[in-house]
Amino acid sequence: MSISRREFLKVSAAATAASTIGVSLLPGMQKELFADGLNWHKSVCRFCGVGCGIMIGEKNGKVVAVKGDVKNTINKGHLCVKGFYLHKVVYAKTRLLHPMIKKNGKFERVSWDEALDYVAKKFNQIRKQHGPDALAFYGSGQAETEETYIANKLFKGAIGTNNMEGNPRLCMASAVGGYLTSFGKDEPAGTYADIEKAELFLLVGSNTAEAHPILFERIMRHKAKNPDVKIIIIDPRKTPTDQVADLHLFPKPGWDLAILHAMARILIKEGYADENFIKQSVNFKDNKKNLTYEEYKQFLEQFTPEKAAQISGVEPDKIVKAARMFGKAKTAMSMWTMGLNQRTRGVWANNLVTNLHLITGKIGVPGSDSFSLTGQPNACGGVREGGGLCHLLPAHRSVKNPKHRAEVAKVWGVPVSNIQPKPGKHTVAMFEALNKGEIKGIYIMCTNPAQSLPNASKYWKGLKEQFVVVAESFFPTATTDYADVVLPAAFWSEKEGVYGCTERRSQYMEQVIKPQGEARWDAFILRDLAIKMGFKKYFEKYKTAEDIWSEYISLTKGTDMDLSGAPYSRLKKLRGITWPVPSVDHPGTYKRYTKGDPIFDALPAAKKKGRRMYFYGKPDGKAVVWARPPKGPEEPTDAEYPLALSTGRVLEHWHTMTMTGTVPELVRAVPKAYVEINPQDAKKMGIEDKEQVIVETRRGKLKIEARVIDRPEPGTIFIPWHWKQWMANILTIDAFDPGSKEPEYKVCAAKIKKA
Amino acid sequence: MAIAGVVIVTQPDKTMHVLEKLNEMENVTTYGVHNDVQIIAVFEANSSKSLEEMSMEIQENIEGIMALYPAYVTTEDELEKLA
Ligand code: SF4
Chain A
1 MSISRREFLK VSAAATAAST IGVSLLPGMQ KELFADGLNW HKSVCRFCGV
51 GCGIMIGEKN GKVVAVKGDV KNTINKGHLC VKGFYLHKVV YAKTRLLHPM
101 IKKNGKFERV SWDEALDYVA KKFNQIRKQH GPDALAFYGS GQAETEETYI
151 ANKLFKGAIG TNNMEGNPRL CMASAVGGYL TSFGKDEPAG TYADIEKAEL
201 FLLVGSNTAE AHPILFERIM RHKAKNPDVK IIIIDPRKTP TDQVADLHLF
251 PKPGWDLAIL HAMARILIKE GYADENFIKQ SVNFKDNKKN LTYEEYKQFL
301 EQFTPEKAAQ ISGVEPDKIV KAARMFGKAK TAMSMWTMGL NQRTRGVWAN
351 NLVTNLHLIT GKIGVPGSDS FSLTGQPNAC GGVREGGGLC HLLPAHRSVK
401 NPKHRAEVAK VWGVPVSNIQ PKPGKHTVAM FEALNKGEIK GIYIMCTNPA
451 QSLPNASKYW KGLKEQFVVV AESFFPTATT DYADVVLPAA FWSEKEGVYG
501 CTERRSQYME QVIKPQGEAR WDAFILRDLA IKMGFKKYFE KYKTAEDIWS
551 EYISLTKGTD MDLSGAPYSR LKKLRGITWP VPSVDHPGTY KRYTKGDPIF
601 DALPAAKKKG RRMYFYGKPD GKAVVWARPP KGPEEPTDAE YPLALSTGRV
651 LEHWHTMTMT GTVPELVRAV PKAYVEINPQ DAKKMGIEDK EQVIVETRRG
701 KLKIEARVID RPEPGTIFIP WHWKQWMANI LTIDAFDPGS KEPEYKVCAA
751 KIKKA
Chain B
1 MAIAGVVIVT QPDKTMHVLE KLNEMENVTT YGVHNDVQII AVFEANSSKS
51 LEEMSMEIQE NIEGIMALYP AYVTTEDELE KLA
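Read top to bottom, the protein sequences are chains A and B. Residues 1 to 755 (the working numbering) make up the first sequence, in order. Residues 1 to 83 (the working numbering) make up the second sequence, in order.
It is worth saying that the hints were derived from the structure and are not from the lab. Treat the hints with caution; some may be incorrect.
What the hints assert, rightly or not - Pairs of lysine-lysine residues, derived as DSBU-like cross-links and limited to a Cα-Cα distance of at most 35 Å, are as follows: (1) LYS197(A) / LYS14(B); (2) LYS185(A) / LYS573(A); (3) LYS328(A) / LYS21(B); (4) LYS14(B) / LYS223(A); (5) LYS21(B) / LYS10(A); (6) LYS71(A) / LYS14(B); (7) LYS754(A) / LYS464(A); (8) LYS690(A) / LYS14(B); (9) LYS14(B) / LYS330(A).
To be verified - Quick list of the computed label-pair ranges, beta carbon to beta carbon: (10) MET16(B) / SER398(A): 55 to 65 Å; (11) LYS14(B) / VAL411(A): 53 to 63 Å; (12) MET56(B) / LYS701(A): 45 to 55 Å; (13) GLU53(B) / LYS701(A): 50 to 60 Å; (14) MET56(B) / ASP242(A): 33 to 43 Å; (15) LYS14(B) / ALA193(A): 45 to 55 Å; (16) GLY271(A) / MET56(B): 47 to 57 Å.
Stated by the list, open to error - To list a few chain B residues with every Cβ distance to chain A over 10 Å, as calculated: (17) ILE3; (18) ASP13; (19) LYS14; (20) LEU19; (21) GLU26; (22) THR29; (23) ILE58; (24) ASN61; (25) ILE62.
Predicted, not measured: the structure shown is a model, and the values here were computed from it. We put the beta carbon where it would ideally sit given N, CA and C, even for glycine.
All chains, full assembly: derive it from the sequences and hints.
Right, dumping it as structure tokens:
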């Protein structure tokens, strides 16, 4: 590289970084910046659910640079270290370049026609012999909305099975259950714009600094500018998020529900409740019946700080302090993620956080919201909104509802009788059915269940025995090991489509380069499979990604998540838009259930009279404060397994590392898994730092390096779950929340000994 | 050749210390302190390997850094070789 080009790129890099914090390094530089010989294209980060805008720099048909998109309201130009290396993943050595069929135990390269003919023939045979429910689809919160939409139509609308699931079941189903039971409609009321207006943050079961770094940065910047902003963390483990915390409550894993009830009790007792809001907008319920406000208060009486301390292990004065901080702040934003969701009482935990906002009226106003964070970039958009779970249809519809089935069948152009009224099998039940041979063929798209399922090794049997098709961008993965057919899928930057992130924002991503090798876009792979299976008349009309998106948004019209005002022509110009967006001139919605939400605005005046919020998902427009029992984890610790094991993430890696594992820089940064052990426990067991140990649960054993560190509390241990070689999920428990069916990855009982 | 433009967020009382330390480093060019706690810097390295090492080293060894946010990275010529 010539010196002048190098200097030029240096200045460009500096200016880009400067522009992300609103600084212009040299007058007029902004213009120069884009004359760097690269073509820049608007996209969205492929990793977490924050939804950062990325600009892709392309030269001669190659992706050669990325920069944060300064115009994107989410990240304003910044990226975390994962986004920073995204363009290198495109050219990973592990990219799957050709379709392959396993013949005599070995994968052989075949043509697309041969691969799809084979899958169509096998799927049709299974369907004919065993019925449609012997087939299943397992998708991903990383797939584009268009891809999930086509899969949904193929399985629910054409093949006629509701055995259609996706990995968001494993990460955010409890948040869905929480919002539905509290508000009557899924997804948050507010957006990220609340961050800069909040006086207090309550982070529960969320290592925001590592799992959602750019949101953490926004919180940090906000606190730096406003030192009175307070941050409370409720989490069993000390994490890098602690560097900004004012108060940290360390509950025993899985025992935090009592803390939230105790906080509610103090808020009411000490006069922090918004009695007017409660009267206007809140009902009370327990698991069986409606309660009066008085009955709810009586229910709370048992949760004195001392009682909550006894249950949770958190000091009573800390609980009181947290409640008072929450009560005193004029505005408060709660954020949570897997620590609450991945629990056998994940829905209840979600309800109890939302209770705090409903009791104090800290919702529906700028700076206040109960805001669930999403793990994957399109879990909200494609799977929650697109209806990619076994009980859902597109646009928050339900398979059980005859009107919903009729509406969807009409747009899909399929007989309504094709869509079954009974929900299919949820994720754990689906893989259980594969083990039992009730499901005989499965199509897995863009995800790696052989590693990511809880109690993973239990489910390898079904994957081994049944007919498994895996559409993936990378090879091998733990799941392709079991595949009969692998289909190479186009990756980020090689396809266009839409991602919908945590804050209800749908963002369009451009196709920048041609797919590597023979890879093809997942939606078209599915379309062509559908045609080969005999469903030509339902699928031949989809010629472009826009055809699919346009049909999808027509189904959202008039629903609570109206995207009909967000066609491609508009999304291509915007940095996304937050639904409901009912017309092309609508600016998108910042706050739901209140003034400015087009659905609220259109309600008859009599309904809204005297009310600042109307939760239109509930028959009387009132949200529900829940009196849930303070249940603990499914598998509490005991004498035989005395340690509580929790799993989680590190900044540098993502999920099963099929992407971050291809970037040498990230691999070198955190090359291997480890188990974090508190120094007190390590001392008792005579375990030294970096020593090999065996972690054992009732499901499996894992040999792994010990990291003696004060991050986990005594009595708890932690393993980051990303590595195939050190597969934490052979240890985790597959017990699931009876409401959301989300498994309890976050807590199980374990023991450790020296290897 | 890898080049990265980054924003380094510092603890308010450590900003000048971080700036000084960065200026002592080879292959790091700073572009001023902004909004009191943000330093713009460019890292240059012969490959993205050493770029990563530089980032890690800086974060680990310089006291007062709260976070480091890359805003721009190019490995233009490394990828050109793939063509
Ligand atoms: S915070 Fe999430 S979306 Fe943003 S750059 Fe990092 S991984 Fe990507």
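Results for each hint:
Annotation: proposed proximity of LYS197(A) to LYS14(B) holds, straight-line Cα distance about 27 Å (limit 35 Å). As the CA atoms of LYS185(A) and LYS573(A) are separated by approximately 29 Å, the hinted pair is consistent with the 35 Å bound. Proximity of LYS328(A) to LYS21(B) is assessed by CA-CA distance (about 41 Å); at most 35 Å being required, the pair is judged violated. At most 35 Å may separate the alpha-carbon atoms for a hinted pair to count; LYS14(B) and LYS223(A) meet this at roughly 17 Å.
Pair hint LYS21(B) plus LYS10(A) holds up; C-alpha atoms about 20 Å apart against a cutoff of 35 Å. A C-alpha spacing of about 30 Å is found between LYS71(A) and LYS14(B), which places the hinted pair at or below 35 Å, so the restraint holds. Between the alpha carbons of LYS754(A) and LYS464(A) the distance comes to roughly 33 Å, so the proposed pair stays at or under 35 Å and holds. Under the criterion of a C-alpha separation no larger than 35 Å, the hint pairing LYS690(A) with LYS14(B) is consistent with the structure, at around 32 Å.
For the given pair, LYS14(B) sits about 31 Å from LYS330(A) by alpha-carbon distance, which is consistent with the 35 Å threshold. Separation of MET16(B) from SER398(A) is about 59 Å and conforms to the stated range, judged on CB atoms against 55 to 65 Å. Remark: the range hint 53 to 63 Å for LYS14(B) to VAL411(A) is upheld by a beta-carbon distance near 58 Å. The hinted range of 45 to 55 Å is not satisfied by MET56(B) and LYS701(A), whose Cβ atoms lie roughly 32 Å apart.
Look at GLU53(B) against LYS701(A): about 35 Å separates their beta carbons, and that is not inside 50 to 60 Å. For the pair MET56(B) and ASP242(A), the supplied restraint of 33 to 43 Å is violated, since their beta-carbon distance comes to about 20 Å. One distance hint, 45 to 55 Å for the beta-carbon pair LYS14(B) and ALA193(A), is violated here, with the actual separation near 30 Å. Take GLY271(A) and MET56(B): their Cβ atoms lie about 50 Å apart, and the range 47 to 57 Å holds.
At roughly 5 Å from the closest C-beta of chain A, the C-beta of ILE3(B) falls inside 10 Å, breaking its exclusion from the interface. Listed as outside the interface, ASP13(B) is consistent with that label: its C-beta sits roughly 12 Å from the nearest C-beta of chain A, beyond the 10 Å cut-off. Against the 10 Å criterion, LYS14(B) stays outside the reach of chain A, whose nearest CB is about 13 Å from its own CB. For LEU19(B), the shortest C-beta to C-beta distance to chain A comes to about 14 Å, beyond the 10 Å cut-off, and the non-interface label holds.
At roughly 14 Å from the closest C-beta of chain A, the C-beta of GLU26(B) stays outside 10 Å, upholding its exclusion from the interface. With a minimum CB-CB distance of about 7 Å to chain A, THR29(B) fails to clear the 10 Å threshold, and the non-interface call is violated. Every CB of chain A is more than 10 Å from the CB of ILE58(B) (nearest about 13 Å), matching its label as outside the interface. A cut-off of 10 Å between C-beta atoms confirms that ASN61(B) is not in contact with chain A; the least separation is 15 Å.
Every Cβ of chain A is farther than 10 Å from the Cβ of ILE62(B); the closest lies at roughly 15 Å, confirming the non-interface assignment.
The structure does not agree with the numbered hints 3, 12, 13, 14, 15, 17 and 22 stated previously, though it agrees with the rest.
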